[in-house]
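Now for the letters of each chain:
Number of protein chains: 2
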Amino acid sequence: MTETFRVWAPLPQRVRVLVAGVEHEMVRSPDGWWESTVDSAGAGSRYGFLLDDAAEPIADPRSLSQPDGVHGLSAVYHHTYEWADHAWTGRTLPGGVIYELHIGTFTPEGTLDSAIEQLSHLVELGVDFVELMPMNAYNGVWGWGYDGVLWYAVHQPYGGPDALKRFVDACHQRGLGVLLDAVYNHLGPSGGHLDEYGPYFAGRTIWGPTLNLSGPDSDEVRRYVLDNVTSWLRDFHIDGLRLDAVHALSDNRAVHLLEEMAVEVESLSAYVRRPLTLIAESDLNDPRLVTERSAGGLGLDAQWDDDIHHCLHTVLTGENDGYYADFGSIASLAVTLERAFFHNGTYSSFRRRHHGRPVDTLKTPGYRFLAYTCDHDQIGNRAAGDRPAATLSPGLLVTAAAIVLTSPYTPMLFMGEEWGSRTPFQFFSSHPEPKLIESTRAGRFAEFAQHGWKAEDVADPMDPATFQRSKLDWSDVDSEPYARTLQVYRDLIALRRRRPELSNPRLDQFHIDFNEDERWLVLHRGSLRVIVNLSLESRQLDLRATWILLASGESTVEDGVVRVPAESFAVVEVEG
Amino acid sequence: MTETFRVWAPLPQRVRVLVAGVEHEMVRSPDGWWESTVDSAGAGSRYGFLLDDAAEPIADPRSLSQPDGVHGLSAVYHHTYEWADHAWTGRTLPGGVIYELHIGTFTPEGTLDSAIEQLSHLVELGVDFVELMPMNAYNGVWGWGYDGVLWYAVHQPYGGPDALKRFVDACHQRGLGVLLDAVYNHLGPSGGHLDEYGPYFAGRTIWGPTLNLSGPDSDEVRRYVLDNVTSWLRDFHIDGLRLDAVHALSDNRAVHLLEEMAVEVESLSAYVRRPLTLIAESDLNDPRLVTERSAGGLGLDAQWDDDIHHCLHTVLTGENDGYYADFGSIASLAVTLERAFFHNGTYSSFRRRHHGRPVDTLKTPGYRFLAYTCDHDQIGNRAAGDRPAATLSPGLLVTAAAIVLTSPYTPMLFMGEEWGSRTPFQFFSSHPEPKLIESTRAGRFAEFAQHGWKAEDVADPMDPATFQRSKLDWSDVDSEPYARTLQVYRDLIALRRRRPELSNPRLDQFHIDFNEDERWLVLHRGSLRVIVNLSLESRQLDLRATWILLASGESTVEDGVVRVPAESFAVVEVEG
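Chains as they are written, first to last, in my numbering: chain F, 1 to 576; chain L, 1001 to 1576.
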């Protein structure tokens, strides 16, 4: 049994691979790749690289398995998993509903295998995609995962690479696609050694070093990213990626990394014979991300739409500090729902400059934007990590959900939202290094101190209790008001599937009536109307309605007039 | 007589305007603009601003006139010049020939008024546009102008704002358009105070601080640039801008500054009822710059094409160091002429990465790229600032010119090229500050030391003799071989105008035959063929030629076979 080890390391003058305690000299090719074939090594063998005269080995940048964490040795991993998802032909994004979850807090055990046991809940809920927060290996045991340093490895506390395959396999057998959050814009603060291997870095973001995507020797750095994309989509059968904070990618090449990625993924899709999806998180409000390449765009499939979130959140909560300042009216919610972006060239008081660009609503289908009432960031980046459910009535929650789930956009739910869970989702981390513990804690407190928060009101990110507190409490689900909320979410998703008008992605056909003072909106969806009553009083609207398809309160129709109770919605059919 | 002074200065708490030695408090608007109306002031009044408790006034960022240089007071300037160019209806770029010149060295006097006296030379030469190197006010008396710090003012040693107007007026009356080199990517090292007024800066290039184009409060910074564009095009009747090093503009907004500029200039063109042109200098090899906005591009009119220069220069000289390393074959010249970019996604050994993107040769007319055998940078950034004419035969020079002047591209000449002037164009500067003198000198020597040059072989940029040495020697023009060279340039330009095949911009119709060993190329231009013999032997080619329209040597045609002497070209007609 032999194993060939390869690593790109143009910087060191000498590279040895340490396998089972024995050093082996590696041979360098002119392109900076080193290679060594080692006898008596194979799947499971622990190894690391010794650069120049280093005494301590470091992990393989392309390690797939880190049984002892990012500071430990890598383990040889072969793709010998026996897949059982042969019937899976993939799932395209249009019409789909996404469910974002964090493996560490989705179940009490916090593992991929335990998550499999909850998949029937998602199937009954009716979602199409599970979106996993980052799986890559990061420093410490628990965390959100955005501090990843070994991007190819599956975080061992979640179960490691085979567990991810079991999870994906299980999803596929239940008809669920799997999206994965991939972070290419920075590296975490501990356990990363890329810069010792080669010129991987160019500059820093506020979170850590960024990749050298367009400087000298950046071809191989781009391959590091692109091969990672292929690794997830081909070898782990993942159906698509959520690309974290693409605005922080620094690339001035004529072909942007994201465009190259989209081209490669399109090609890979033909090879694996499954649809593959790329979704960007972007704060640029630049439609070019999701514009087709033939029209000069980057050709990604979709992007997160924070403007819709901010409009919904401010209308529901009345909050208006920080980046919520420009939002808050029913009118801004309506116009944003119609146009995808609120800031489409308008002044952003938070950014203190004009921001964004209009979406061509004739050419751009709504499914290219993800709509959500909450997500891991919008909850977790609050001082207390409190969900909307912590302060809003169950009625208001499902009313907001009705907007998202009958909109032209791709709806996304955050785990537990569907039953109005009040479990917080706080920011937690578990760096073992005292210095990082202090800086992470201090950074968090300082950030919120700027907004007037006292340290004692901010969840301590380094306290293990913060992690424990953020684990979903599934014991709620069957009791009221949670069970009722869950039923409405299920009904909404089922109705969205049954009545194609409700997922019609055409933005040019999406019209909304609203009344600012009375706090209601009516979404026009073909012959259906979605009446959203955000006020504390019941509303009566003459819509020439014929019958009610779904309502969260005791709505009635009489002579075409719909009566919608306070903080509830109704989906009605109207005369043609 | 009153004068209203205005300045954007959000940073200081107090702003006074000093006019004729008297201080006047200014009043701040919420938008950060300060204003004061002063009696007994008007055109010519000297003024400056005192920020906070400053004792020394500094210049107006939007000053149009700096009679005593960038460290002196500003002078009120009114646009009262009496224009005489009423018959001028402008000139569009397609089909045009550009002539780049540096006012300080174009004539012995180095002024705009003395340049007017040489315009008849340009009219006889047949060019369409004069392109002026930067006119903005910079530190010192002479220099290239890229160290500008007061972008709205016309450098006083050139003659100041009225002189520029006289020059443009004179050009227009002679049928010449005027392009101006505008530097928006950085500020020079001395005399700039923008950062005292407001948040103008964000980061640095190797040349100096760069503008804050997409950070907080960048709206007004962008207006500083955009209003400067308007100032030149509307108030000075300039016909277009050459935008220096746009790859160094840092802007991540959904609407890039260059796109916003192109939109504004398009709108201004309708207002002034003249065609206006924007030409970028870019090292991105990104066709998006000149792609129409409706196709997802930025919609600039054209960009400089260094790849064509590098192909020509290496073929002519055999030089292959630094950024010339990837070029040098007749084949690469031919393929680059056919495709506009050599690096269109290929590996660049100079950049140590893949570079560029293909131009869509069906959709992109060739006039969107400027082709030249030399320019101020390609000459002046050499250690000795030596032109091709210093080492190449007059025959080879005109043969290279024939390629440019019969190509689908927009030909550009650099002053003096047209008679094969051997005057160097060296890098010169005249900072008065000892520290800057030393750092400029040391930087220059260090740069060339990297390439093995000894300091004594590098022209000293701070030596006044370097400036004097770079002034064009017009006494050459009437003697041989200069007069002969000039005649060939005139004939080529005249022929390009007479025979539209020669300026046909369609790249998809541009085909080139060549022979690497025999060092010849044949450019197919409709029923014309341009035979370019770069070798030291005469060549005979059977092209079914019927007659010779123009030749730089003693070419002959017999039975369709064209004989072209060594280092010469011939333009022939072939049987249909």
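Hints listed in this document are in silico derivations from the structure and should not be mistaken for laboratory results. Since we're looking at a predicted model, the values are computed, not measured. There's no promise every hint is true.
[Stated by the list, open to error] What follows is a set of in silico ranges between Cβ atoms, one per label pair, in the way DEER data are often shown: (1) L:His1451 with F:Glu266: 53 to 63 Å; (2) F:Arg293 with L:Glu1319: 30 to 40 Å; (3) L:Asp1227 with F:Gly175: 29 to 39 Å; (4) F:Arg204 with L:Arg1484: 18 to 28 Å; (5) L:Glu1516 with F:Ala270: 31 to 41 Å; (6) L:Asp1227 with F:Gly322: 29 to 39 Å; (7) L:Gly1452 with F:Pro10: 23 to 33 Å; (8) F:Arg293 with L:Gly1443: 47 to 57 Å; (9) F:Asp463 with L:Asp1227: 46 to 56 Å; (10) F:Ala55 with L:Lys1435: 40 to 50 Å.
[As the list claims (entries may be wrong)] Some residues of chain L that are not near chain F, with every Cβ distance over 12 Å (derived): (11) Asn1212; (12) Ser1214; (13) Gly1215; (14) Leu1249; (15) Asn1252; (16) Asp1286; (17) Ser1294; (18) Gln1450; (19) Asp1460.
[As the list claims (entries may be wrong)] According to the in silico footprint, chain F covers these stretches of chain L (three or more CB under 8 Å from chain F): (20) 1253-1260; (21) 1355-1367.
Idealized CB from N, CA, C, for every residue including glycine.
Handout entry: Range hint compliance [Cβ, Arg293 (chain F) to Glu1319 (chain L), 30 to 40 Å]
Key = 38 Å, holds
Problem - Hint check for Gly175 (chain F) and Asp1227 (chain L) - Cβ pair distance inside 29 to 39 Å - result: About 59 Å separates the Cβ atoms of Asp1227 (chain L) and Gly175 (chain F), which means 29 to 39 Å is violated.
Exercise for the section: Given the hint of 31 to 41 Å, check if Glu1516 (chain L) and Ala270 (chain F) actually sit that far apart at their C-beta atoms. Expected result: 39 Å, holds
Handout entry: Satisfaction of the hinted span 53 to 63 Å by the C-beta atoms belonging to His1451 (chain L) and Glu266 (chain F)
Key = 43 Å, violated
Problem - Beta-carbon spacing of Ala55 (chain F) to Lys1435 (chain L) - inside the hinted bounds 40 to 50 Å or not - result: 47 Å Cβ-Cβ, so the 40 to 50 Å window holds.
Exercise for the section: Note whether the CB distance of Arg204 (chain F) and Arg1484 (chain L) lies within 18 to 28 Å or breaks it. Expected result: 59 Å, violated
Practice task
Check the non-interface label on Asn1252 (chain L): least C-beta distance to chain F beyond 12 Å or not.
Solution key: Nearest chain F Cβ is 7 Å from Asn1252 (chain L), so the label is violated.
Problem - Minimum Cβ-Cβ distance from Gln1450 (chain L) to chain F exceeds 12 Å - result: 15 Å, holds
Practice task
State, for the Cβ atoms of Gly1452 (chain L) and Pro10 (chain F), whether the hinted interval 23 to 33 Å holds or is violated.
Solution key: With a Cβ separation near 25 Å, Gly1452 (chain L) and Pro10 (chain F) satisfy 23 to 33 Å, so the hint holds.
Exercise for the section: State whether the coverage of the stretch 1253-1260 of chain L by chain F holds or is violated, taking the criterion as 3 or more residues with Cβ-Cβ distances under 8 Å. Expected result: holds (count 3)
Handout entry: Whether Ser1294 (chain L) stays farther than 12 Å from all C-beta atoms of chain F, as the label says
Key = The claim breaks: Ser1294 (chain L) does not keep its Cβ more than 12 Å from every Cβ of chain F (closest is about 9 Å).
Problem - Beyond 12 Å from each Cβ of chain F, as asserted for Asp1460 (chain L) - result: 31 Å, holds
Of the numbered hints stated above, those contradicted by the structure are hints 1, 3, 4, 8, 11, 12, 13, 14, 15, 16, 17, listed in ascending order.
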